[in-house]
Each structure stands twice: as C-alpha cells, then as structure tokens.
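Each chain, letter by letter, is given below.
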Amino acid sequence: MDTVTFHSKLGGIMIAIKNLGKAYNQKVVLFINELTISRGEIFGLVGNNGAGKTTLLRLLLDLIKADKGSAVSGDFEIARTEKWKDYTSSYLDEGFLIDFLTPEEYFHFIGEEYGFTRTEIDGRLSDYKGFFNDEILGQRKKFIREFSKGNKQKIGIVSALITDPQVIILDEPFNSLDPTSQILLKRILVDYNKKSNATIIISSHDLNHITDVSHRIVLIEKGLIIRDLQNDGGALAELESYFSA
Amino acid sequence: MEGDPVERFNSFLLWYLPVDLFLRCLFQPLPTIEILPYLRLPVRRSKIVNYLLRRSLMNLFNLIPWFVIIPFSVQILLPESGAGIAMIYILAIALLLILNNFLAVFIGFQIQKRPILYLIPFGLQAIVISVNNWGLPMSGLSVSFGKYILAGNPVLFVTLPLVITGIIYATSRLLSRNFYIDEIKSANKRKTYFSSVREFQFKRFGEIGLYLSLEISLLIRNKRPRQIMVMIPIIILYFMFIISNSKHPYGPFFNLIIVTMLIGFGAINYGQFIFSWESSYFDSIMARKNNFINYVKAKYYLLSALSILSFIPIFIFFLNTQSIDPYLICSVLIFAIGVNSFIIMLFSTFNDGRMDLSRSRFFNYQGIKGNQYLLTFIFLLLPAGIFSLFKYYFNPVIGELAIAIPGLVFIILSDWWLKRIIVPQFQRRKYKNLDGYRNLSL
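Heads up: the sequence lines are chains B and R, in that order.
32 is the number of the first residue of the first sequence in my numbering; add one for each residue after it.
16 is the number of the first residue of the second sequence in my numbering; add one for each residue after it.
Same shape as in the complex, but just chain B (with noise of 0.2 Å):
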C-alpha cells in the first residue's frame, strides 16, 4: 500500500462547521467550535466508543437536529435544504439498507433516485466485482437481509459510491470486513478520491487503516475535538500514544 502523500488541497471548503453543539438529556455529546473539511480531502475520525463520531455523521446528514451552530456543505446549510443531497451519499449502518430488495434491486433503485439507468449502475458495479468477490451480484433471489455482516457491509458501501458522488460519509466502514476486503477497500477509497477529487469523511476504530487512507485525522473524545492532525508520517505514532495513555 503506497502512502498516502500529504499535500494541501487548493479545491477550497467543501464543509464548514460553527458553533455545532449536540445534547440529550442535557449532557453535551458533541460540541465542535470550528471545523472545515476541503474540497478533495480524505478526513478520518477517531475517537472511543461514544465519543461522538456517529452523532457528528448523523449531523452532517441532517438526520439529527443540532441543538445550535450551522453545518454547510458547499454553498448550502445542510439543516435548511435538500440540494447538498444531490452530490452526497453515505452509508452508516445496516439501518441504510432496504433489506428485502436484493442487491441488484437496491443499487438500481438508488441509481434510479440519482438519475442513472440501470445501464449505467451496472457499468459502475463491475468496478467493484473483485470487492465483492463473486459473493454479491448474480443472486437473483437472495435478498440483502439474507447476506452475511460482511457482505451487507459491502452493499452499503458500494451503494453509497455508485452515484458519482462528490462527498461521501461512512461510518466504520472497515467494520466486519474480512482483511482482503479491508485492503480492497482501501485501495477504493483512495483511488476514487484521486479520480473525483471528492470529498470522503470516514470514522474508524482502526488506526491504521484510517492512517493509510486520511489527508487529515480528527481525534474526538466525550464530544470535543483532541486532536486535529495532518497525516504525513508521525500521526500513527501521536495516535496510538494518545489512546494508550
């Protein structure tokens, strides 16, 4: 696996969030004063288990309300309008995926909400046929609950590349994949931010998978911002002192 090489990306702010602040039950879960993603950037984020990462997603998918601040995405405020929605997609969890379509049906389905013929979906998904190993595509009657975690977590990741996007959010996506996979996918991710020069937000619990891909690591702990890190060379290092301390 090359390294991924550090360079500043002159694409501009793709995501810039102010003031973000997230509670229930009046504890703060998440609280970020100021933060902005470019254009083009890999951005992984760090962090234990509930320290925020999930909620920030769901905030940049306007799937939560923030109790205060902005998020924006290009030029438009991601709470007041719809239109960040046409060149975003993401995939969190096993929740995204409508469980009784088969595969094929939901990667058209989607493909068809964004626009593109069932044509054009599956010149895309044969991109993907070593990713999916034979496993996936071709079984016309197994439907997605049917898969195991593994593969589901493979439709969901795929679904939420097919349609061009020009930022893409994933949650864990290494989670449950077998190594071959984790390193195919890897090799995915970067090589379709060098094409597209898109934007790709994605947490992990593996430091080294997210070194090996990220521009820039965001370490998050009980809701704040740690560590804001550009990934050329000694981030591996600060990270896994910091989570052994």
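FYI, nobody ran anything at the bench for these hints, they're computed from the structure.
Nothing here was measured: the structure is a model prediction, and the numbers come from that model.
Capping the alpha-carbon separation at 25 Å, the derived lysine to any residue pairs in SDA-like fashion look like this:
(1) B:K96 <-> R:K304
(2) B:K96 <-> R:K445
(3) B:K96 <-> R:K434
(4) B:K114 <-> R:Q442
(5) R:K434 <-> B:T112
(6) B:K58 <-> R:K447
(7) B:K173 <-> R:L233
(8) R:K447 <-> B:G81
(9) R:K304 <-> B:T150
(10) R:K447 <-> B:D117
(11) B:K96 <-> R:F307
(12) B:K172 <-> R:G224
(13) R:K445 <-> R:E222
(14) B:K225 <-> B:S69
(15) B:K172 <-> R:R241
(16) B:K114 <-> R:R453
(17) B:K180 <-> R:Y296
(18) R:K304 <-> B:E203
(19) R:K304 <-> B:G43
(20) R:K447 <-> B:E108
(21) B:K180 <-> R:R55
(22) R:K445 <-> R:F307
(23) R:K445 <-> B:F62
(24) R:K434 <-> B:G146
(25) B:K49 <-> R:Y446
Just a sample of chain R residues kept apart from chain B, beta carbon distances all over 12 Å, derived:
(26) I50
(27) K62
(28) N74
(29) I105
(30) L114
(31) F160
(32) L397
All residues carry an ideal CB built from backbone N, CA and C; glycine is no exception.
Dock chain R against chain B, hints included.
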C-alpha cells in the same frame, strides 16, 4: 325465556365459548420470548416452554369471565343447589376457559406458520352463526349442556383435563422444535417465493412508479405487513358473510357504517404506518437525494388502490342484496379516496414508533399509538354522519352528494394537499420521527 335464572345464564354458554375462542385467536397475546440468548445459558428447554405456557394464561380472557361467574355461583347456585354444585360449576367453567386458552395458543402458533389457518376461528364463528340462523336452538342446547355440567357427571371432568393435557403437550412439542438455530433461520428464509422481477415492473411509470414498486415489495416480502394485508380480504369476506346470514335486516344507517368501515379498513391498516413501515431504513431515505413529493404521492396512490380493491367486492355484494343504494357506496368510495386518505396520511405523520417488519406476531403492538386508531375510527364514521344529516334535512340524493363532493374535491386537490400539507407536516416532525424510528437508547 322465562324463569329459572340458572337456565337463562346457561343458555349463553354454548354461544360464549366459540366466540371466546374466536376472540382469543385474534386478540390473545401469544407468549413469545427471544430464544437466542437462552440457548447458551444453562436453562432447561422444558423450563422455558413451561414458562411460556404458564404465561399464556395471563390474559384478560381468563380473568373477565370470573367477574360474572363468581357472582352467579355465589348468589344463585350456592343458595339454590349448595356449595358442592357451585364448586363443580366453577371447576367446569375453569376447565373450559383453560381449554380455550390453550387451543388459542396452539392455533395461534400454527397460524404464524400458515396464515391460511385463520380460517379455523373464522370458520368456527361462521358455523355458530349459521347454526343459529338455521333454526337450531343454540340456547336450548346450551341449557342442556349447563344441566349436564351441574349434574356433576364425571365424564366431563375426566375428558376435559385429558383434552387440555393433549393440547398442552402438542403446543410444547411445537415450541421445543423452534429451539434450534437453524430452524429459526430457515423459517426466515422460507418466504422468498416472489420473483424479484415482478414487483419492479412499475418502474416504467417514472419515479412514482419506482417508489410504488418499492412499497409493494415492502408489503409482499415482509412478514408483518404481509400478515396485516392478508387479514384485509378475510375480514371483508367475513363481514359480508355475517351480513348475508343475519336474519334481521340491519337498518340503512348501520349498513352504511359497515360499508364505510369495510372500504376504509384496508386503507387504515396500511395508511396508519405509511411512513413507519420503512422505519428501519428511513435514515437512508432522508440522507439520500429523493423526490419526497413523489415518494409521498406513490403512497397516496397505493392507499387509494387499497380502497378501490376493497370497494369492488363490497359493491358487488351489496348490489345483490339491495339493502343499500349502490350510488351511496360509490360516494363512500370517493370520500374514502379523497378525505379519508388525507386524514390517514396526516395522522400517520405523528406515528413515530419503529416498526420491525420481521417480527411476525399479528398483534405485536410495536409502533402503534392507541389514540391514532381511535381517531381514525371516528373519522370513518364521518361519512355516515354527514349522509344521515343531509338525508334527514333534504333527501338521500343530497346526502350522497354531500359525501361525494368533498371526496371529489380532495381527490382533485390531492397534489396540492400532498405537497402543501402532508410533506411540510412530515418535515416538521422529521427529527422526532427519525429518532423514534431509529429507536436507539442513548
């Protein structure tokens, strides 16, 4: 029937027991338990089964009759025939109730696997009603049965426990068999007999067709919606059967209520949960680019289709019986497609309970808010009320128009109220609903 209070009381027995069984089959909660966690614990399978069976006894059907039986026994039987007879009577009733209880449990579990067995309780009811209407004196038989019980004949008190034991045994065998993981897994796999191609042909009709196919696939391919949908024709046929067999013609108002209920029944059962059906993956719908208006329109079309499909058999049926004006039925349909749909969809935006499509038990109350059912039920009575009002002051034709015209208006304006009322209302409640659908405890 004169005189003897004992006889009068007993005359209801043979009527009550089948009705009791019927209602139990529909409403008695099946004792269920998440089996997987227990499989690796040192808990005896028989212990779990016995627990479940005991649990099945705790329901209202086993409690409420006593509020009637005990006073009867104490106040009438006791002074009249002595403590011994009273005890015997109570014992017999207890055995009969227990019998019904376990019969309902057994049938209930079988119905889960094969919904066609719903015919058993319904068939039983139908038989009782027919027997009653064809002149056999149920009450007379019942009195004799009551006398038989009171005579203290040991045959009864031996056969009943035996039958009960038999049913309990059969049920526990049934439950034990479901303890193996692969049994459970294969049960989940079984129902994939619909080819994936069929449902998705609506795609030809553009984006609305796309969402329509998704909705139909949802209803067909998932256990719980399938069960609920299957109930609809059964209930409709059942009511038509009752009506056609009843000796006294019901008044026109009553007929109208029944027609309205039957036409709206399907729509209500689907429309209540029109958004919650998809609760398990609603996050992804909202996170993606979607044409929410077309999405909602597709649901409205399905709602209307359900009303129309319910309408057809009812219309044909009442056309034959001539007990209600066919134009009236048509007006009710128009009202249902127009006004009812609007009301149902509006109320459904308040439904923020998660609905798990694979949990099968028919009366799983997950995702149902009680007052919603009540409100939609009240609004079902609306057309009947309006019609009667206008008929009273003017004449029946005006009454029909009074129902049809609002309905027509709502249908024509459907695009408008879908876009301007339902969608914004849903957006207003979006976060609350999403939280509920996600159903995570934080």
